[in-house]
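Please put together the full structure from these sequences, using the hints given.
Protein chains: 2
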Amino acid sequence: MKILILGSDGYIGWPLTLHLLKEGHEVAGIDSYIRRTRVRNCGSDSLTPILSTLDRLTLLRKYPNYIKGYGNLVISLGEYEPFIIRNILRDLKPDTIVHLAEQSSAPWSMISSEKASETQLQNVIGTLHLLWAMKEVCPEAHLVKIGSLGEYGTPNCDIPEGFIKRDCSWRSIRCPMADLPFPKSPNSFYHLSKVHDTHNIIFACSNWNLRSTDIMQGVVFGVKVTDNESESELTRFDYDQYFGTVINRFCAQAIIEYPLTIYGRGDQLRGFLSLSDSIQCLTLAIENPPNKSEYRVFNQFESTRSINGLAKMVVQSAGELGLKVEISHLENPRKEKEIHHYNPAHQKLFDLGYKPTANIYQEIQILLSNLLPYKDRIIKEVILPTTRWI
Amino acid sequence: MKILILGSDGYIGWPLTLHLLKEGHEVAGIDSYIRRTRVRNCGSDSLTPILSTLDRLTLLRKYPNYIKGYGNLVISLGEYEPFIIRNILRDLKPDTIVHLAEQSSAPWSMISSEKASETQLQNVIGTLHLLWAMKEVCPEAHLVKIGSLGEYGTPNCDIPEGFIKRDCSWRSIRCPMADLPFPKSPNSFYHLSKVHDTHNIIFACSNWNLRSTDIMQGVVFGVKVTDNESESELTRFDYDQYFGTVINRFCAQAIIEYPLTIYGRGDQLRGFLSLSDSIQCLTLAIENPPNKSEYRVFNQFESTRSINGLAKMVVQSAGELGLKVEISHLENPRKEKEIHHYNPAHQKLFDLGYKPTANIYQEIQILLSNLLPYKDRIIKEVILPTTRWI
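Quick note, the sequences are listed as chains A and B, same order.
First residue of the first sequence: 2, per this note's numbering; consecutive thereafter.
First residue of the second sequence: 2, per this note's numbering; consecutive thereafter.
In case anyone wonders, no lab produced these hints; they're calculated from the structure.
Misleading hints may appear alongside valid ones.
Repeated chains share a single entry, so a pair holds when one copy, or any two copies, can fit it.
To be verified - Below are the EDC-like pairs computed for lysine to aspartate or glutamate, each with C-alpha atoms no more than 16 angstroms apart in a straight line:
1) Lys94 / Glu137
2) Lys349 / Glu162
3) Lys136 / Asp92
4) Lys338 / Asp180
5) Lys136 / Glu115
6) Lys69 / Asp56
7) Lys69 / Asp92
Below is the structure:
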């Protein structure tokens, strides 16, 4: 299968590119490298000593099934140049396009008007250009789009896998004759950008008969996909207030015995999965494409957990490594429900054969061990939240 | 009340500005005048001989309650300059902001990748900059935002006024503990931009305690708000394939005895209201603001009609003026349901006192008479649709 990865230098894009090459697929990658710049502009850097962009290309070129000539194109999808992605698709004719080329931080999108509009411009306009280019050049290709479980927000009711089914009954609204998208209640301008993408993609599938898998992904954590990964293959690992997601941030804090920073009560519930599970699920989506004109939603996570529960696991696991870690409850910089019902469905990937690699406690143990060699690289100043969402 | 109109040179913005001035409100207006350029770039022009931008400012300045100094600022909300609108709000401190400054044509947004992204950039990023500026400068102000009834699409079920209420019961989804926004199924990149706006505004109200009325407006038609309007007060009137909405286009076709161009079967149902009703409803929304942090939705239309029913009314009404008009069914350039259930609720504006000015047949008669003096200005070449949505 010929696969184009947009955002191939990122936290998920890089290991996915390597994994698909090892699986024997033909893979091309594109990245603007703006994530590297943004993290550095926040005063931080990847905890793992990742290769330079040039060295990564050299590594990829050793795979005979790596499609050269794209990886050194530094393009940004969201600029006023839809013809660039159009020309690439025309030249490459991919079977599958995995779109990971989005600004991926919720807190970063809440810093200012400028950062919020930069996020929505890159994500929404970028995806829009991609959809038009697919329509014009490769309407048969399968778009695998990374959305976020956070698109649903916390609506205090069970969350289906994308749609309100036509067989539901509503008391005050006559039953729809077709499925309707489940209403979204996102909680940051980043999550909103993903909701906007979702609406644009649904329309592109129904109007132009494109096919897409829209992945409502939970919070990903971890740093290695397999045990035998070399240092040169390592993905980036962010732990700062903007780009560090919760378990990764906790584990980075734990290895330097810095108190774990819980925002508010910590009873917030979210869906989580390890990096290796994310790569496994994305591969399942790629290798099992939907039908033409089909828009499907996968809620991609292993299990739901409370922030407090995770923090306790990190403390216990760190203890086994001889580390003494405390928990610190900070005033919540975000406005969010701290006590709520949370039960998103997530059956479709299991139906395709998804088998979690390990349980979440084992994954945390592995992650802590993997991070320990790099503990001297941590910059403490970037951990505490300074951006208030309200 | 101090009111800022964004898009004060437009089809609705101009008569709304005049009406609010006549009602005694303090009014300031801003426009980028890009609508004038876009219509001319499509080879068309307003059927009514509207004043130049300079002459319109001279006319407005005769009102003692017109706030000078803004009307000659040609600004675009969607550019990378959020500080411009921030500075204006800081200076003006409006009680109400009426946001009409969006690209308003669905077919125009479907021409190309460039036009689609220009639409979403102007509308979504423009509104985003406005929301941030309101948060930072005038969080107490009331945002009246023009959305579209087309945001809902045609979901083949009854459509509530914005929300799925918490007292509804779902068979497959546990009942939500709070209202959820009714899911949107828009059918063009223009309508999608309005849905994106809606989601951004809901979040701004819940996160920052802003207040907003989001108006899901039906298709507006007509050219005068009152009988005694002078020619210099006339609003623009578009009848071309891109900016001409359906009744306006039919009436312009009728006065030159051009066959009415129905797209497809003509059994499509939509909500409609006259321009004078639109001005009346917007004034009601402005003069009855919501509470702080409240986000409310008004479905703003007088009645639902089929395209065939409207065409027949125009034929009959034109006949009374001695005009012989036929109906022509064109192959539908859009992909849309042509037979469907359609029943959107629209009670809230009636509860506030909305009284339709006249029935739709009378309104069509008035419109035809108002347009007849300008029939020699019609450019026939811009009427037929050339942009296919699929």
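We went through each hint and held it up to the structure:
{"no.": "1", "hint": "Lys94 / Glu137", "verdict": "within (12 angstroms within a copy, 47 angstroms between copies)"}
{"no.": "2", "hint": "Lys349 / Glu162", "verdict": "within (8 angstroms within a copy, 33 angstroms between copies)"}
{"no.": "3", "hint": "Lys136 / Asp92", "verdict": "within (15 angstroms within a copy, 46 angstroms between copies)"}
{"no.": "4", "hint": "Lys338 / Asp180", "verdict": "between (28 angstroms within a copy, 15 angstroms between copies)"}
{"no.": "5", "hint": "Lys136 / Glu115", "verdict": "between (31 angstroms within a copy, 14 angstroms between copies)"}
{"no.": "6", "hint": "Lys69 / Asp56", "verdict": "within (14 angstroms within a copy, 60 angstroms between copies)"}
{"no.": "7", "hint": "Lys69 / Asp92", "verdict": "within (12 angstroms within a copy, 55 angstroms between copies)"}
Figure legend: structure checked against the earlier numbered hints; every hint is met.
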